[in-house]
Amino acid sequence: MTTQTLVPFGEATGRYEPVIGLETHVELGTRTKMFCGCTTTFGAEPNSQVCPVCLGLPGSLPVVNRVAIEYTIRIGLALNCTIAAWCRFARKNYFYPDMPKNFQISQYDEPLCTDGYLDVTTAGQTIRVGIERVHLEEDTGKSLHVGGATGRIHGAEYSLVDYNRAGIPLVEIVTKPVAGTGADAPVVARAYVTELRDLVRSLGVSDVRMEEGSLRCDVNVSLSPRGSSHWGTRTETKNVNSLRSVQRAVEFEIERQAAVLDAGGRVIQETRHLHEDSGTTTSGRSKEEAQDYRYFPEPDLVPVAPPAGWVAQIRASLPEAPSARRARLQAEWDLSDLDMDALSNAGALDPVAETVAAGASPADARKWWLGELARRANHAGLEPSALAITPAQVARVAELVSSGVLNDGLAREVIDAVLDGEGDPDQVVAARGLAVVSDEGALAAAVEAAIAAHPDVAAKVREGKVAAAGPLVGAVMKATGGKADAARVRQLILDRLS
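In my numbering, the protein residues as written are 753 to 1250.
Misleading hints may appear alongside valid ones.
Simulated restraints, written as ranges between beta carbons of each label pair [unchecked claim]:
id, residue 1, residue 2, range
1, 1127, 1080, 24 to 32 Å
2, 1127, 906, 34 to 42 Å
3, 980, 1168, 53 to 61 Å
4, 981, 798, 26 to 34 Å
5, 838, 1127, 47 to 55 Å
6, 1022, 980, 19 to 27 Å
7, 1088, 911, 33 to 41 Å
8, 810, 1175, 56 to 64 Å
9, 1179, 880, 33 to 41 Å
10, 834, 936, 24 to 32 Å
11, 1088, 982, 36 to 44 Å
12, 906, 1175, 46 to 54 Å
13, 854, 1179, 54 to 62 Å
No wet-lab data here; the hints were simulated from the structure.
Heads up, the beta-carbon is just placed ideally off N, CA and C, and yes, glycines get one too.
Model the full structure from these sequences, guided by the hints.
Here's what the structure looks like:
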């Protein structure tokens, strides 16, 4: 890969105003595909979920998936869009190896949802991102390029095509241009995709797993000199598949385009590819001339006309918006903005809420999910909610600690055992004998032994240096295998030596 000239980000945004736009593709979580009855299970054997319709064989006819229409309307309503009373599908004609029909059934000039918005908050500032359209189409298949260093077709020894994904309902959400964000443009782009992902997930219409491709984002960036009334030429970085990468794609394109403009060059309208390892983009396909997709109304499908009463029913069934839910929980749990951001950034908001619902206090739920469990999730490369422990089990661990049955050290051991599949917290405590030693006689004997073994430390405590009691507490904890309550042990030592 050739080295690309860049301008430091601060200098670039000082001289140029970025304009961003995002085109986000969401695979809907329907049981069957958009126009046929093939299942949509992720990870199935290649080409095992196909039929004459999604393979585009002669004589096959598509039938619209009603649930996909409903899911799209749910997304449109949640994004404050206008729902079309009448719309239709079109054929988008182009050749690509993973397009089995050599055309894609999509929506062109008559989308299902238009003119909405999504508010996002960054650094305490709310920014309204306009939504141009939300339209429904079918996904393409997937090409696998074997051999070569990049996984792309250039340099590959051969290519394979899996049509399992072809025909899965795909919603495209297109923003209006977002201007005026300045140096915050990369953060705003990431915040938008994050909020959109959370919103779609809350609607129950998609699992929006970026790592599996059910949420993919095309990132558009252009620069214009500050004070100019004209927007610059945009580039489109395709198929960005992580929140971090959305931010990095915007940052890099700002730095790269600024270098081109500073040198007196011209930014080329093109698609670009993001390299996840380096955070850099490279040129893909020129888009300076509009490609003629020869759109025309899909002749094998009737128009879609959602009844107003049905749309009203869907609207009434929408859940609480994630932003409203966050505000409510923050007030109920008495959290600062910083605390709430920490929960959201760690992906722990839902587990904490479910743990509180299972009986734990908000403080205890946050303590375990943001501490011990977040560390384990980071180590395993998982979201906290994907760990093999339920919020109810975490709530039970918190209850055992608050009731004195466990201390924090023993609780961590119980959590480890639950994650290893040894059973519920109570089963682990019983099987391993992990309950705190609460027998006063046994604790008193351990205290006496520690004092006898450390007479110099005991003398300092007797002289009033209570901070010196640490080694004695440690000796008792060691003697009891960590099963004593450290606070109770410390008090017994101080009482004995007072």
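Hints versus structure:
no., hint, in the structure
1, 1127 - 1080: 24 to 32 Å, "holds (28 Å)"
2, 1127 - 906: 34 to 42 Å, "holds (41 Å)"
3, 980 - 1168: 53 to 61 Å, "holds (59 Å)"
4, 981 - 798: 26 to 34 Å, "violated (52 Å)"
5, 838 - 1127: 47 to 55 Å, "holds (54 Å)"
6, 1022 - 980: 19 to 27 Å, "holds (22 Å)"
7, 1088 - 911: 33 to 41 Å, "violated (52 Å)"
8, 810 - 1175: 56 to 64 Å, "holds (57 Å)"
9, 1179 - 880: 33 to 41 Å, "violated (51 Å)"
10, 834 - 936: 24 to 32 Å, "holds (29 Å)"
11, 1088 - 982: 36 to 44 Å, "holds (43 Å)"
12, 906 - 1175: 46 to 54 Å, "holds (52 Å)"
13, 854 - 1179: 54 to 62 Å, "holds (58 Å)"
Violated hints for the displayed structure, listed by number in ascending order: 4, 7, 9.
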